[in-house]
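As they're listed, the protein sequences go chains A and B. Take the first sequence: its position 89, counted from the start at 1, is 98 in the working numbering, and no numbers get skipped. Take the second sequence: its position 221, counted from the start at 1, is 227 in the working numbering, and no numbers get skipped.
In short, the hints are calculated from the structure, not lab data. It cannot be assumed that every hint is accurate.
As the list claims (entries may be wrong) - Below, computed lysine to aspartate or glutamate pairings styled on DMTMM-like, alpha-carbon distance capped at 20 Å:
no., chain 1, residue 1, chain 2, residue 2
1, B, Lys222, B, Glu233
2, B, Lys346, A, Glu91
3, A, Lys139, B, Glu196
4, B, Lys350, A, Asp34
5, A, Lys128, B, Glu233
6, A, Lys115, B, Asp288
7, B, Lys346, A, Asp34
8, B, Lys346, A, Glu125
9, A, Lys57, B, Glu196
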Amino acid sequence: MAIARFWRENDSRYNMYGKKCGNCDKTYFPPRDMCPKCRRESMGKMKKVQLTGKGKVISYSIVHDGLPEFHMQLPYTIAIIELEEGARITGQVVDCNGDSVKIGSKVKSVFRKLGEEGKSGVIHYGYKFKLI
Amino acid sequence: MSVGIVSYGGYVPYYRIEAGSIGAVWGVDGTARGKGLGIIRKSVPSPDEDVITISVEAARKAMKCCKADPEKIGALYVGSESHPYAVKPTATIVAEAISAAPNLTAADMEFACKAGTAGIQACMGQVASDMIEYGMAIGADTSQGAPGDALEYSAAAGGAAFLIGKKDLVAKINTTLSFTTDTPDFWRREGQMYPRHGGRFTGTPAYFKHINACAKMLFDKMGTKPEDYDHAIFHQPNGKFPLRIGGAMGFSKEQLEHGLLTPIIGNTYSGAVPLGLTNVLDNSKPGDKIFVISYGSGAGSDGFDITVTDNIKKHKKNNWQPLSDLIENYELLDYATYAKFRGKINMGGVA
Chain A
10 MAIARFWREN DSRYNMYGKK CGNCDKTYFP PRDMCPKCRR ESMGKMKKVQ
60 LTGKGKVISY SIVHDGLPEF HMQLPYTIAI IELEEGARIT GQVVDCNGDS
110 VKIGSKVKSV FRKLGEEGKS GVIHYGYKFK LI
Chain B
7 MSVGIVSYGG YVPYYRIEAG SIGAVWGVDG TARGKGLGII RKSVPSPDED
57 VITISVEAAR KAMKCCKADP EKIGALYVGS ESHPYAVKPT ATIVAEAISA
107 APNLTAADME FACKAGTAGI QACMGQVASD MIEYGMAIGA DTSQGAPGDA
157 LEYSAAAGGA AFLIGKKDLV AKINTTLSFT TDTPDFWRRE GQMYPRHGGR
207 FTGTPAYFKH INACAKMLFD KMGTKPEDYD HAIFHQPNGK FPLRIGGAMG
257 FSKEQLEHGL LTPIIGNTYS GAVPLGLTNV LDNSKPGDKI FVISYGSGAG
307 SDGFDITVTD NIKKHKKNNW QPLSDLIENY ELLDYATYAK FRGKINMGGV
357 A
């Protein structure tokens with residue numbers, strides 16, 4: 010990924026900033042400039058909100074054959090998390106073996122390394138999740 | 007000077023390896039070697055953890071336990087000898103991740119194992135002179151030990167963050183001072199993966215000389231003696247040195263108990279004294295007096311005389327998670343997984 014593209018998203022990826030529609034109160038993460046439900050009625054009403062990072066597992070998968078940059082972490086767990094504010098996002102669940110993750114498990118966000126562009130390239134950071 | 011700790015937070019990774027598992031690979035009795043060093047097990051960072059992630063977790067814990075506005079942090083320093091970048095500051099990423107950027111100064115510090123306490127001193131100076139309202143000082147490391155070397159039994163990962171200010175102090179720092187010389191007891195050259203050390207030279211002319219000298223300066227300045235303190239924290243490259251030097255000064259095992267974590271998490275280098283202080287504060291009560299001496303190879307020691315305030319009770323009610331939760335909740339690794347996690351396996355460019 011280009012450095013600038015990743016850098017532009019650091020604010021939301023580091024601190025879980027989302028957007029809340031001022032028309033229907035639905036929260037989006039990653040942040041959106043327009044509510045896909047309210048469309049033009051949401052224009053200018055999308056408010057920046059910091060999410061708690063707490064939520065529950067809606068579904069998950071244990072990855073045994075992942076991308077090369079994740080070889081050191083195999084097997085690892087990827088889950089769909091429903092945050093307290095309602096937004097659903099995909100994230101890795103760390104510091105656990107796959108057996109301990111269940112549908113409905115409560116999780117909280119943690120700050121981790123997401124990847125790096127080779128040994129001499131830039132390092133990307135952001136959220137992952139941990140069982141509470 | 008009414009400057010001190012407004013809030014604090016510590017972080018220790020989830021994984022551990024026992025001394026016996028390390029020794030078994032190198033054909034020695036690791037458990038006995040660990041006993042000789044006073045180390046049962048040490049913390050191991052996940053492949054997706056480094057000094058930046060550890061610093062952010064510690065800093066967020068500190069900010070959660072107080073009402074301070076992160077935008078009022080005027081300086082942020084991260085002390086470490088394992089910054090992920092040789093050129094690009096750890097501190098800028100931590101500042102962004104706690105919403106303290108952009109109106110602050112931020113920098114990385116390096117002074118072997120005492121860079122974290124050096125950061126506390128830098129923040130104290132700026133807070134005391136009213137240059138800034140709050141300063142954040144972090145000491146963290148994912149320290150390196152060459153395979154088979156004595157350091158492999160101790161080199162661990164962890165860190166702690168301290169919000170330094172003048173208002174709502176949980177602990178007042180009554181004074182601080184330092185003792186510094188040019189002593190080549192331990193070093194890592196640019197581009198080298200592992201540090202080297204002078205073996206027994208790291209003891210008497212290095213660790214013991216600097217801590218003793220700094221402690222004497224602190225006792226003399228404050229007019230105190232060991233029995234005046236409830237807790238004492240010394241740098242802890244292993245589990246034995248702090249007990250030996252503390253005992254020789256006249257501190258009891260009870261005074262050293264909460265500040266000595268190396269036996270169960272290893273030596274967290276720049277994080278060692280900060281994490282010891284975190285655990286002491288977690289176990290302290292208003293009025294407790296704390297004696298702190300850090301040590302960094304190369305070499306120097308920073309001393310602090312600290313008094314816990316009534317606000318420590320409030321701190322333990324505001325989203326507080328004791329450090330012991332992270333220390334007691336862990337998973338043991340075998341040596342092969344540890345070697346993989348620490349990048350000790352040549353992957354031939356695959357990962």
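Going down the list of hints, with the structure as the test:
{"no.": "1", "hint": "Lys222/B <-> Glu233/B", "result": "14 Å, holds"}
{"no.": "2", "hint": "Lys346/B <-> Glu91/A", "result": "32 Å, violated"}
{"no.": "3", "hint": "Lys139/A <-> Glu196/B", "result": "35 Å, violated"}
{"no.": "4", "hint": "Lys350/B <-> Asp34/A", "result": "50 Å, violated"}
{"no.": "5", "hint": "Lys128/A <-> Glu233/B", "result": "51 Å, violated"}
{"no.": "6", "hint": "Lys115/A <-> Asp288/B", "result": "26 Å, violated"}
{"no.": "7", "hint": "Lys346/B <-> Asp34/A", "result": "46 Å, violated"}
{"no.": "8", "hint": "Lys346/B <-> Glu125/A", "result": "17 Å, holds"}
{"no.": "9", "hint": "Lys57/A <-> Glu196/B", "result": "43 Å, violated"}
Against the hints set out earlier in the document, violations occur for numbers 2, 3, 4, 5, 6, 7, 9.
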